[in-house]
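Assemble the complex: chain D is given as a structure, and chain F must be docked to it using the hints.
Residue numbers (the numbering used here), protein chains in the order written: chain D, 8 to 621; chain F, -5 to 125.
The hints are simulated quantities; they were obtained by calculation from the structure and are not laboratory data.
Ideal Cβ placement from N, Cα and C applies to all residues, glycine included.
No false leads were slipped in.
For the chain D half of the interface with chain F, some residues (derived, Cβ under 8 Å), not all of them: (1) L596; (2) K597; (3) K600; (4) V616; (5) V619; (6) L620.
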Amino acid sequence: MHSTLPIGCGLFLFAAACLAQVPDAPAPSAPVGEKPAGKDAPSFDPGSEILSWDGRNWNINNNRLFQARFEKYLNAPEATGAEDQQYRAVLTEILTRLAPGSATTQNVDYSFRLLARGSNYDIDARLCDSLANAVYTVWVAQRSQQRLVTANAAMQYEIMSLEAATQHQGTVTQHAKDVSEKMSGSRKPAGKNAPPAKTSANEQAAEAKQATLESANWQMRRLAEMIARQKSNDVKRELSEIAAKVEFQALMVQFFLQRRYQHVIMATRFYRALFNDGDSKLNLGKDASDLFQRSTGQPPTVSVLDSVANEAIRDVREGVKAFEFLLENKELDSATKRLAEAFTIGEYMPEVRTVPREKKRRVVDFSHKGFQLISAIEVKDYALADSLVKELAVSAKDFDSSKPTAAIETARTTSHFLIAKARNAAISGDKQGLETALTAATQTWPRNPELADVSRLIFSQGDVQEKAVIDFGQLLTQKNYRKIYEDSGRFIAALATYPDKAEQLKHVLEDMKQIETAILRADEMARQSNYAGAWENVEKAFAQFPEDSKLNQTRANFTTQAADFVRTLRNAQELEKQEQVGSSLAWYLKAQKIYPQSEFAGEGVGRLVKRVLP
Amino acid sequence: MARRASSSAHPVWILVAAALAVAGIGGGYFLFGRANDPYRTMAALPVQDYLQNANSLRGNMYKLEATIAKQMEWSQSAGRLFSVDAPGGEVLPILVPPELSKVNMERGQRFFFKIEVADKGILTARDVKKA
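Isolated chain D, as found in the complex (with noise of 0.2 Å):
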């Protein structure tokens, strides 16, 4: 219950922060009452880790937004310069003085003084100004003419203090001025070999300057506030002390969706030392009294509020040592994970911030390439989808594949279905179907390899079709029947949409069976040594088909082969020209001899006989 509640509280904090408020600058107070972002109040389902707002849902973890802030989180250097460190310590400073049992008056005079100290850093944002602010105008209400003074006080000693900085940094720019005119000035006669070190100086000069230019700016700036609050209070007149404590509630409120964890619990401990009257109840609108019951599960009090800082605090603390014990064993899905729910709900705590880079950059590429991830999966794009999870699976032991994978591979089927469908449609000429089913192919899976291979194909069919129907037509005229036969398969798939054509090629095989089947029958008789009826075979084939180059050449060896029956076949029909019935049936007589099966033989025979007998 404790650690879900932080995280639940934390992520919707985060988001109406992201939306509330610029990171590096101070966001206005929300005056009590209203709602505070938007026109309904954000909820957020930890289980689905959905946020809706303002009639919009989003995943927390995917949302450019998210990927930004957490992106330019994981790229920063870690807060742990003297600046910060400086800070920090301000910070606990205060907190410890204002812990229970230690809030005497001189801790929370010199807790305010240090408020205004806290505020110089640019990290702070001015909060602790707002806070001091605050402060004092309840100090105003409440006619505590002793603490006002020595606000004052504290605010002259910071002004002092300002302005001698800012006069020291004067004269160190100046200094540093001079020492850059110096410089320039004695390297001017060094000749060609000193324009490196000449610039090398300049640059360190200059920046130098700049650096001192800038922060002389700032003191400058800081100043002429602190003056200009000082004159503020003096012009505050007699506010009520119930306006002052609303002020501050809300103030408190503000920071608790800021998730300025630190500055809610000195504001409320700020807020127990300035009212002792023991009511402690923030006086919220219904919206924002509903927001914190829906997310707290209780009344808004100044305790609940203090309490769900100090547990957000705990669990980002818990959340940036169990990130770094992940990423110790290579768990990068669950590191990440665990650090970006601790910087959703802490991202300015100090834990977060000391993170070091280099342990930040470890989980850069796998962000990446998660984020990635979603992209290309909401883009449809499985074949990188596809490496992205091969490649997290290697790099992160703990990644689940599984959802991405399913993902995947239920739109590779999908595709390669729609893909079998138009290539059907293509080969059976269904124009319609064709397009119907490439259109979803291309909506499943738009960059799909093989549909762009299937669209090839089905665009270069046409070209195909159109040289076949060609190559048929000169093939026929120079009758080339075996040629078509050999490529029969293009030529069918190819006429299949020309009637005519196919009618014509229909006739050719039927021709180029027969003579095939000539053949073959020829070729088993000459295994049995039958070569005279191998010849008449091929002969009677020749007779009708003699085009034919393979049976032409099949006619030649079998010729040979069975020269005999072949010259005295020759010898009959030749006489039988000449009206020699006599020689001419001798012959075919002789031949019949040989080859008594003989058709050619038998034939002439039959026909001599009936001119001899008619």
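Then chain F, alone, in the frame of chain D:
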């Protein structure tokens, strides 16, 4: 001891006698054959010439001794057409007209044919004698 004179014939005489015997047998066979050929005065059919160009022999009469191979056709008006195995392994067609219908001719029987090379080179039997 008295010596006996030799009584065996001289080998030369034996050889002469053998030669005369062979010549006698051969001559007898020749004379028998000649005597058995009913058409011994006629010329035999020049089979190869006939096969090459029967028309050139039209009108001529020849004799042919051949064996009946098979009867190919029969017509009451025109007679019977036989194929016969002639000397030299050739097969020839011979038309036996109705006038010779009284001669029974069956496969495997050997006959002497008196033949005429008729119109279109058809061999027509004018007389038949069983060999």
